[in-house]
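Participant: Place chain B with the ligand on chain L using the hints.
Chains as they are written, first to last, in the numbering used here: chain L, 1 to 668; chain B, 669 to 947.
Hints are supplied without guarantee of correctness; some may be wrong.
Stated by the list, open to error - The calculated SDA-like cross-link candidates involving lysine to any residue, where the alpha carbons are at most 25 Å apart (straight line), are:
1. L/Lys356 x B/Ser901
2. B/Lys814 x L/Asn96
3. L/Lys643 x B/Val829
4. L/Lys356 x B/Val829
5. L/Lys124 x L/Glu108
6. L/Lys314 x L/Thr30
7. L/Lys542 x L/Leu606
Derived by calculation from the structure, the hints in this document are not laboratory data.
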Amino acid sequence: MRHCLTCFILLLLASNLWGQVSIHCAPTRTTEALSPRIANYKIDVNFTHEEHKVTGSEDITWHNVSPDTIYFVRLYMYLNAFKNSQSSYLSGAGLNVMGQDLSNRKPEDWGWVSVKKAVQQGGKDLTRAYVQPDDNNIHDESVLQIELDSPVLPGGILNLSLSFESKLPRTIARSGYGEHDFNHFVHWYPKMGVYEQDIDGNWGWNCHQFLRQMEFYGDHGNYDVTIESDQKFVLGGSGCRDIYKETLPEKDGRVVSRFIAHDVIDFGWVASPNLLEYEDTWEHVEIRLLSPAAHHNLVPRLLQAAKHSLSYFKEHLGEYPYNTLTILDPPLHGLRSGFMEYPTYITGGSFYAFPKGIRSMESLIVHEFSHQYFMQILANNEKEEPWLDEGFVTFYEDCIMEDAYGDASLADFLGYRVRNSAFTRNEYTSLPNPRVSPIAVPGWKVNDAYKGIIYSKTATILQTLKRYLGEEHFDEMMKEYFVKNQFTHPRKADFVEIVQKEFDRHQNVLSPVIDQFLIDVLDDTKVCDYAVTNITNSIAIKPTGWVNEDNKDTMTFQSYSRSDFFQSSARLERKGDLIVPLEIELKWSDGSTTQEVWDGIQTVFLLRYEKPVQLISVEIDPKRKLFLDIDFNNNSYTTEPSKGGIWKYAFRSIYWVQNAIQSTSFLM
Amino acid sequence: MNNLKFLFYGFGRKRLVTTIYLIQLTLAVTIGLQVYQVIDASIGHSVSLEGIRLGNAHMVINDLLNVHGASLSPLIGQVRWLILTYLLLAAFIHAGMWYTVIHRNERSGFWIGGSIYFGRCVLIGIIFLVLLLILSAIIWLPFLSKFGYWMEHLMSEAPLVWGIGALLFLWSVVCVHLFVASCYSRIYLIRDKMSVFRSVLKGIKTSVKKTIFLLPALMLVLFVLIVLYALHSFIDDWRILSSSIGIIVLFIIQQIIIWIKISLRLSTYHYLLTKAEGV
Ligand SMILES: [Zn+2]
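The following block holds chain L by itself, in its conformation from the complex (with noise of 0.2 Å):
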């Protein structure tokens, strides 16, 4: 009887600190918000797998930030986009979406979320309606604006509470169920819109509809997410673990599990009975990698690389605030879910039996680690700015992975070798049209060529930048972009003043024209490619003929007699519209080597010269620090080229056409 009371007072107590939120694990370093913390949720709910949805509730504390008084919010619906086939997400892709086909999706396939009831402060059942701000598509249910009974004042608080149900649907991207009881919430329960001004100073909900070519945006705050499951799950996510997998007495089979993130842009699970926990650690950061048994030799590399990059940006950009990183390396079956980047939580993609010098399984996981920095901790406005994050996410990725793997960072496998920078720059130098888009636009406006401009065209512009500035003066740069705007929503602008304060600080030759090269390259579609199109030396003429010398009336015929020096000249082309004042390396057929700077306006340039060696080569940007160029084989030209390459490759051709036809005709 005295056990049972004491049983009694503990779960009294127990429930009431429950209450209260205490939390027994840190989900960041300090215990100082980082973050404003404007958009706060306490989500509960129960999942029952068996039909791939959660219900629960969900408490939302939102500050109002602005100068208005807020009448009504609008919410993130992104389950919706998989409701049906018209959805704004789906319609007009024709009935093939992702490799998934449309037409034979069974009524348990598609997926939604559902706001069953939403009350402020204990009141009534609000008003609310779907919203289409992008569109006009009336079956779009991807926004949910929700009209409040008391309005926020500026400065106030709104406590908004809400029963919810989400279901998954069989993914199609992301978010969703797949074979083997494997689930993935993400983007799972309404999200608050961002309430802020745009880029003309008018305050307002800045909620999209959900698009195909689009991402993401939330508010910082905190999460506490409180699971109930059946007891085969593994379950990760996004935070630390408050509360892992204790059992539910009155539920036999049932567990309850509670995940705590702060300063953090969202929240995302994951729940499969096939999942394997392995646990590293690195300084504060506890990683926690969920992978199939048969990946289980991969789980060092995945690992290795999720370390660099923690190190990497420690040192170079700034230390990792958060004490929890969690990575999916999805089965097979939830590969769908793989590839992308959630607040201290990200996915991977990888592969049995991987060959170790093919390295894009680590590539993923920095680039994906990468985003903890350019999406969640600077968060950008994904949907309006991707290029703030993935084409910096590139960047730091191709920084990382060759700082950790060297020269041949991506790939080193049967002669083939390959660094990260060189093939993102070739993603974007190999478009069809490199004048597709301007980089500074948003997502849903790029139609073609979204990776190559968005994340390839943006890290190649960083690439020349680190390049012109040198890595400490561009660590420098970037450490005070990501103090400055750490956990606030940055926009081009922050960006540009950054970039255009470290030029004029450390002077160079891109530092006068920085302000129009930035526009250049960001905003209009222009294309830079310079080239060196000839050299010609011929030897010089004495003056011959009746020459009058040193401007007297005297006349001296002088016969026609070659001097010691050498007319020297080079042809310089500017073949794209992109302007960049360029350094110019000569060098001569005594050895040695001068430098000139050209401001790179002409589309032809001659250089002259008169001298008593000749000119052997010319080359534009001889350090490779304009690695925007589309083209650096015309970059130099050489009186002397080294035609053994050429060779090597005309006979490495000859060998393989002999192989190739010795064995096509085994059977003949």
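Facilitator: Quick look at chain B with the ligand alone, frame taken from chain L:
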């Protein structure tokens, strides 16, 4: 197999091997020279050439393909035609090789055999190519048609990887059988003067019966080929071979490998002949 001696049969027939080598070289040089011309015309005065000589070729080649890809792509079409043309030519060459081996006529056997049996050997070749196509389809199509479904539904990709491995093995077994069958068909055609269809049928029967016993020797040939391939990949990387002389040395090594491969083919033919049943 007795010993490894059979491998060296081809080395002793230098004239024949060199003749075939020269035919193959002539065809390949037509492509090689064009590759030279295209690269020379595109980036022939660029300092970047130094990069490809030294093996830092990735960016140079990327830019070359991006900017001058249009002038290189016709070459791929030409290689395709060249392979098709050589398929026909190979019927002549292999008939000549078989005639030489069977009739021990190293002086003119190659040309005589080639001209007499060209038509019939083309027919045999086509029959075996069609057989290869049908058998490949039987092996791979069911797997490929299910691949998409498995990607979504399997617990792990490991069985897929092993499955591909197993099918590759099965496919190799089929290829070896077809190769042996095609060889014996020619022996029956040229040595025993059988008709095309009878020699093909008998060739297949012999292959089914004998391949298992021939396997050690065939594996040995395959092993030598793999060693040659690995050797080339290994030295292709050597910095020391990036000087002007080094590049020529590398070319000579490549050509020696090609020559050895032809002589190995001749050795294999001779070996199979010695294992053939009498008339
Ligand atoms: Zn990304």
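Participant: It remains to establish, for every hint, whether it holds in the given structure.
Facilitator: Results for each hint:
1. L/Lys356 x B/Ser901: Distance ~18 Å between L/Lys356 and B/Ser901 Cα, so the pair holds.
2. B/Lys814 x L/Asn96: Holds, at roughly 18 Å.
3. L/Lys643 x B/Val829: violated (43 Å)
4. L/Lys356 x B/Val829: The hint holds at about 16 Å.
5. L/Lys124 x L/Glu108: violated (32 Å)
6. L/Lys314 x L/Thr30: holds (16 Å)
7. L/Lys542 x L/Leu606: holds (23 Å)
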